[in-house]
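Modelling step: build the complete structure from the supplied sequences, incorporating the hints.
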Amino acid sequence: MAKNAIDLSVDFCGVHFHNPFLLSSSPVANSAEMVARSFEAGWSGVVFKTLNSDRLPIVHPSPRMAAVDYGRKQMVAVQNVEQISDRPLKDNLTEFLYLKKNYPDHIIISSIMGFFADEWEYLAKVSEDNGADMLELNFSCPHMCIEGSGHKVGQAFHLIEQFTERVKKAVSIPVIAKMTPNITDMTEPAIFAKNGGADAISAINTVSGISGIDLDDFVPRPNVFGIGAVSGTSGPAIKPIGLHFIADMAKCEEIGLPLSGIGGIETWIDALEYILLGASTIQVTTGIMHFGYRIVEDMIEGLSDCMAQQGITKLSDLIGKALPNLQPTDQFDLDRQGVAQYNLDKCIGCGQCHIVCQDAAGQAIDWDIENRRPQLIEDKCLSCMICSFVCPVPGLISFKEMPKDWRRRETAVMDKNLENELEYEPFTKEGPHECTY
Amino acid sequence: MSAADRFKHMNKGFDLGQALAEADRCLLCHDAPCSRGCPAETDPGAFIRKLRFQNITGAIRTIKTNNIMGGACGVLCPTARLCEKECSARLKSLERPEGADSPIQIGKIQRFLIEHGWQTGFQVFEKPAARPEKVAVVGSGPSGLSCAAELAQDGYQVTIFEERPEPGGVLRYGVVAYRFDMAFLEKEMQDIKNLGITFQCNHRIDGPEGAEKLLQDGFDAVFLGPGLWDAARLKPDAPAIDGLYSSVKYLSMLRDGRFNDIHQKVKDKTVAVIGGGSVAMDCVESAVKLDAKDVYLVYRRSYSQMPAESDERIEALEAGVHYLLLNQPVDFITSKQNCLTGLKLVRTQLGAPDESGRRTPELIKGSDWVLDADIVVEAIGNKAEDASPQWYPNVKVNNRNLIEVDAETGQTSVKGIFAGGDIIRGPALVVQAVQDGKVAAKAIKTYLNKQEA
Ligand SMILES: Cc1cc2nc3c(=O)[nH]c(=O)nc-3n(C[C@H](O)[C@H](O)[C@H](O)COP(=O)(O)OP(=O)(O)OC[C@H]3O[C@@H](n4cnc5c(N)ncnc54)[C@H](O)[C@@H]3O)c2cc1C
Ligand SMILES: Cc1cc2nc3c(=O)[nH]c(=O)nc-3n(C[C@H](O)[C@H](O)[C@H](O)COP(=O)(O)O)c2cc1C
Ligand code: SF4
Ligand code: SF4
Ligand code: SF4
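For the protein sequence lines, the chains are Y and A, in the order given. This note's numbering applies: residue 1 is where the first sequence begins, and numbers increase by one. This note's numbering applies: residue 1001 is where the second sequence begins, and numbers increase by one.
Since the hints were made in silico from the structure, they are not lab data. All values reported here derive from a predicted model rather than from experimental measurement. Every residue gets a Cβ at the ideal spot worked out from N, C-alpha and C, and that includes glycine. Check before you lean on any hint, since a few could be wrong.
Listed below are the simulated PhoX-like cross-link pairs for lysine-lysine, each with C-alpha atoms no more than 25 Å apart in a straight line [what the hints assert, rightly or not]:
(1) A:Lys1396 - A:Lys1415
(2) A:Lys1008 - A:Lys1249
(3) Y:Lys346 - A:Lys1085
(4) A:Lys1108 - Y:Lys73
(5) A:Lys1293 - A:Lys1269
(6) A:Lys1249 - A:Lys1267
To give an idea of the interface, some chain A residues facing chain Y are shown, with a C-beta separation under 7 Å as derived from the structure [unchecked claim]:
(7) Gln1018
(8) Leu1020
(9) Ala1021
(10) Asp1024
(11) Leu1027
(12) Cys1029
(13) His1030
(14) Leu1091
Pulled from the structure, derived: some chain A residues nowhere near chain Y, Cβ distances all over 12 Å [unchecked claim]:
(15) Leu1028
(16) Gln1054
(17) Val1124
(18) Met1182
(19) Leu1195
(20) His1203
(21) Phe1219
(22) Pro1239
(23) Met1253
(24) Gly1257
(25) Arg1258
(26) Arg1301
(27) Leu1402
(28) Ser1413
(29) Lys1450
Laid out in C-alpha cells, this is it:
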C-alpha cells in the first residue's frame, strides 16, 4: 500500500490534529520558540507549559530533576520537582498569539492550574481569548510547593467537578481534565470530571516517587540544598501505569470520553499501544527530554509503515482495537497449559537460563557441564518464561502449549517424614467463589 | 612528538562509564568460561559481575587477592587466547549470522578496576599479624613478586633479592614502555611494597650454591624466579660486532638510562630484527618509534607460523615494518672496522611439519643474498643463563637449563627450594608467572607449617 495513502490524522473533541503526536505540558513546551521548532519537526500540537495567574510567585527549586538509570541505560525514569510555568502570564499568552499566527494548522492547548474557582475561570478565559484551541486542566502535579493545588485537587474528586464546571461555563473551547495516577481507581475522578462537563480526559501526570538517595549525605535526589522530596516520576518506567489507567477509562462505559495517553512514550510502538487501548492522541515529555523533538519523525514514519504493512489506512480505525482482548484474570482458560521450548541449535551456553530457573522458578533446567547446554525437564517447567527473558539469543526459547492430558509435576517436598510432626487440619468451611467484604 | 615522548606513556584505559557499559554486555555466565580461561584464576566471571552490581571495591578485591599483578595482566595478557577466548558473548556472534558481538574486553575492565582502586585510594590488604618464618625470593619479576605478596599477606617475612637496580624483571627492563609505562608499574609495585616486603636490589644471588646457602643463612624457604636473561644467538661463539644486539640488551637500553645512546644508534639507520615472536615485535615497533629509516623483520617461516599474537603482527605491519618472510639469516657482514653492514640471508620454502606442528623452513640452494643493515637485533629467544645452575647446583634442571618442579607445588628437587616463572616454563607469560608464584607460595606455607609441627 502506498505510504501517502496512510491517514494519521485524528479528531479529538471535534478538533482536527494532522497526527496524534503532541508535546505534553512541561519544559519541552515552555516557549513559542521551542514549540515552533517542534512543529517544524512534525508534532501536530502542544499542551503548553501550565500557566499561572501571576497571583503567587512561582520559583522552581534548584536543581529540579534527577535521573533514574538502569545499568548502562540512562534515564529509564526522571524525577522532577519542577513547578508550573514561572513566566509572566502576559508572556505566555503573547506566545500563543505568535504560534497561532505562524502555525494556524497546529493545535494549541492551554494547560492551566488555579487554586480556587475564580482563578481557574480567569485562566480559562484569557487562554481562549488569546488563541488557545483547547484547555487542559492540570489536576495532577504531585509536587507543588504551594498547598492545595496540583494532585491534591486531583485526589479530592468533588473539587475536580467543581473547577471543571466553572471553566466549562466560562469558555466554549473543548476542555480536557488531566488526571493524577496517585490514586487507586481513575474511573472515579474521571466521572467527576465528566459530570463537571469535561470533554476529554488525559492521563497520566507523573507518578509520586523517590528516584534515589545520595550516599554521601543521605539526601534523596534531586538534592535541593540538603532536602529531597517525594515528587513526580516520569519516563519509560511508568508506561505500564499509564497504559493501565487509559485502558480502565476506555473500558468504562459511563465515562465514554475521548482520551489522551501520556506516560513513557518514546517510539511509535509505545504510542500505538496507548492508541490500541483507547487513546486518540498521545503526549510526550521525557522522551523529548532524552532525545529531542526529532523522535517524532520516527513515530510518524514507523507508524505509517506499520499501518501500510497491515493494510490499515486510517489511524482512527486502530483506536481501542486491543480492548476486547483485555479481560479480568478470571476469564483465563486455566485448563490450557504449556511449557518453555528450546531451540538449542542457537544456544551459546551462557547458562543464565539454568541460574534463573534454579533460583526463581521450577528447577526445571539441568546443566550439562561438559557441553555447556541446558536440559529442560518438561514436566517441572512452570511456564513462567523467565528463562526466555534472560536468554541472550532472541527466539531460542519460546512457549509451547501441551496436550490437554499433560500434567505438571508437583514441587517436591524436602523431607516427607516431617509430615508426622505437622500440626494441621485441612480447611473445610464452605464459602463463596468470589470475594465478599 | 620526540622519540623519548613516544616511549613515556601507554594508551589510556577505560573510564568508569566505558567499564560499566562493557560489564553491562557481559552475560554473567553460569560456570563462567572466561574464569576457566585465566591461567592465574583471576576470576573475571566474578569481578565483572561485581562491577555490574556496583560492588566496585569487591571487584578490585577479587582481582588483587587472586592476582597481585592484576593491573599488569590487564594490560599485557594476550586475552584473545586466554580469558576472552571462550567468552559466551563472542560465541553469540559466531552462532548467529545476524549478531555482531565481540568478546567482553576483560583485560580492559581488569585494568580499569585496578586503576580505579589507585584513583580512589582503596586498599585491598590489611596488615596481617607478623609471623616468624622468613622466606627468600630470588628475582623480582612477576613470579617472585607474586610469591612474595602471597606470603606477605599472611605475615611471612619476605626478602626479595634482585640483581638489577630496580624491581620488576621483564616489566621493568624488557617490555617497551609505550605498552607498559613506568607510572603504572610504580603504582602496582607500591601495592606490593605496602605488604611489607623487604627489597634488596643490586643484590645478585651468585657464587657456588648461592641459592642453597640462603637456607643456611636463616631463611626457612627459598623461591627462585630469575627468569631468562640470556639471549639465544645465531652465532654464539662469534666475537662482538658493533651494531649487533641481542633483544635483551636492546630492549633493556630503552629503559635502563641508555635511551639516548640507542636512539642515536638507530635514528635514520636501517634496522633488521631477526625473529617472529612477541619480543621481536617489541623490537621492530620500537625501532620505528626510534626514527629508524627502514625496519625489517626477518623471519624464516611465513606469516601464519609467527608465534607473535595476531594483533601484534598487524600493528607492526601498520607501523611500517617491512616483513621479510621465508628468509633464514646465516651470517653477519661487517666492515674492516668490525661495524655491521649487512645480514646474509638465504631464502627458504616450507617443508614438512616439525614436532611443534609448524612446517619446517628449508633453505633454497643458491638463493643467498645480503640485506644492507646498520643494526641487527637478534630476537630469537631468551634462555637461562648458561652459568645459572652454578648457584643452585643441587636443583635439578633439564637439557635447556630450565628448573624441574612438581607442577602442583613448584617444589624443586631440593627440599625448601621452590621455583616458578620463565625459569621453569621457558619464555611464557606474566599471568603464568603470577600463577607459579602463587602456587609456590601456597606450597611454601604448607611446607613451613609441616616443618613447625
Ligand atoms: C620483551 C618481552 C615482552 C614481553 N611481553 C609480554 C606481554 O606482553 N605479555 C605477557 O604476558 N608476557 C610478556 N612477556 C613475558 C613475560 O614478561 C615473562 O613471562 C615474565 O616476566 C616472567 O616472569 P619471571 O618472574 O619468571 O621473570 P622475569 O620477569 O624475567 O624476572 C626475573 C628477575 O630476576 C632477576 N634475577 C635473575 N637472576 C638473578 C639472580 N641470580 N639474583 C638476583 N636476581 C636475579 C632478574 O634481574 C629479573 O629482575 C614478555 C617478555 C619479554 C622479554
Ligand atoms: C520536568 C517536568 C515538568 C512537568 N511539568 C508539568 C506541568 O507543568 N504541567 C503538567 O500538566 N504536567 C507536567 N509534567 C508532566 C508531563 O506533562 C507528563 O504528564 C509526564 O511527564 C508523563 O509523561 P512522560 O513519561 O512522557 O514524561 C511535567 C513533567 C516533567 C518531567
Ligand atoms: S540462556 Fe539461552 S543461550 Fe544461554 S544457555 Fe540458556 S538457552 Fe543457551
Ligand atoms: S564468558 Fe564472557 S559473557 Fe560470560 S561471564 Fe565471562 S566475560 Fe561475561
Ligand atoms: S589475568 Fe589476564 S587472562 Fe586472567 S582474566 Fe585477567 S586479563 Fe584475562
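Here's how the hints hold up against the structure:
1. Between A:Lys1396 and A:Lys1415 the alpha-carbon distance is near 12 Å, which keeps this suggested pair within the 25 Å criterion.
2. For the suggested pair A:Lys1008 and A:Lys1249, the alpha carbons sit about 19 Å apart, so the restraint of at most 25 Å is met.
3. Between Y:Lys346 and A:Lys1085 the CA atoms are separated by roughly 19 Å; this keeps the pair inside 25 Å, and the hint holds.
4. Distance hint between A:Lys1108 and Y:Lys73 is fulfilled; the C-alpha atoms sit about 21 Å from each other, no more than 25 Å.
5. Simply put, A:Lys1293 and A:Lys1269 have alpha-carbon atoms about 5 Å apart, close enough for the 25 Å limit, and the pair holds.
6. Between A:Lys1249 and A:Lys1267 the alpha-carbon distance is near 17 Å, which keeps this suggested pair within the 25 Å criterion.
7. At about 10 Å, the closest approach between the beta carbon of A:Gln1018 and any beta carbon in chain Y exceeds 7 Å, and the interface hint on this residue is violated.
8. Taken as an interface hint, A:Leu1020 checks out: its beta carbon lies about 6 Å from the nearest beta carbon of chain Y, inside 7 Å.
9. Taken as an interface hint, A:Ala1021 checks out: its beta carbon lies about 4 Å from the nearest beta carbon of chain Y, inside 7 Å.
10. The criterion of a C-beta within 7 Å of any C-beta in chain Y is met by A:Asp1024, whose closest approach is roughly 4 Å, and the hint holds.
11. Hint status for A:Leu1027 relative to chain Y: holds, with the closest Cβ pair at about 4 Å, below 7 Å.
12. Annotation: A:Cys1029 was flagged as interfacial toward chain Y, and the flag holds, the nearest CB pair being 5 Å apart, inside 7 Å.
13. For the restraint placing A:His1030 at the interface with chain Y, the shortest Cβ-Cβ distance is roughly 3 Å, inside the 7 Å limit, so the hint holds.
14. Here the hint on A:Leu1091 is kept, as its CB sits about 4 Å from the closest CB of chain Y, short of 7 Å.
15. At roughly 7 Å, the least C-beta separation between A:Leu1028 and chain Y is not larger than 12 Å, which violates its mark as non-interface.
16. Once the 12 Å rule is applied to beta carbons, A:Gln1054 is inconsistent with being away from chain Y; the minimum gap is 10 Å.
17. Look at A:Val1124: its CB is around 21 Å from the nearest CB on chain Y, clear of 12 Å, so calling it non-interface holds up.
18. The Cβ of A:Met1182 sits about 33 Å from the closest Cβ of chain Y, beyond the 12 Å cut-off, so the non-interface label holds.
19. Residue placement check: A:Leu1195 keeps its beta carbon more than 12 Å from all beta carbons of chain Y (closest about 30 Å).
20. Distance check for A:His1203 against chain Y: the nearest CB is about 48 Å away, which clears 12 Å, and the non-interface claim stands.
21. Annotated as non-interface, A:Phe1219 keeps its C-beta farther than 12 Å from every C-beta of chain Y; the closest such distance is 44 Å.
22. No beta-carbon of chain Y is positioned within 12 Å of the beta-carbon of A:Pro1239; the least distance is around 59 Å.
23. No beta-carbon of chain Y comes within 12 Å of the beta-carbon of A:Met1253; the shortest separation is about 45 Å.
24. For A:Gly1257, the shortest C-beta to C-beta distance to chain Y comes to about 45 Å, beyond the 12 Å cut-off, and the non-interface label holds.
25. In this structure A:Arg1258 is separated from chain Y by more than 12 Å, as the shortest Cβ-Cβ distance comes to about 46 Å.
26. The beta carbon of A:Arg1301 sits about 35 Å from the closest Cβ of chain Y, which is more than 12 Å, so the claim that it is off the interface holds.
27. Every CB of chain Y lies more than 12 Å from the CB of A:Leu1402, the least distance being 34 Å, so the non-interface label holds.
28. No Cβ of chain Y approaches the Cβ of A:Ser1413 within 12 Å, the least distance being about 37 Å, so the stated non-interface status holds.
29. Non-interface status of A:Lys1450 relative to chain Y is upheld: no Cβ of that chain comes within 12 Å, the nearest being about 35 Å off.
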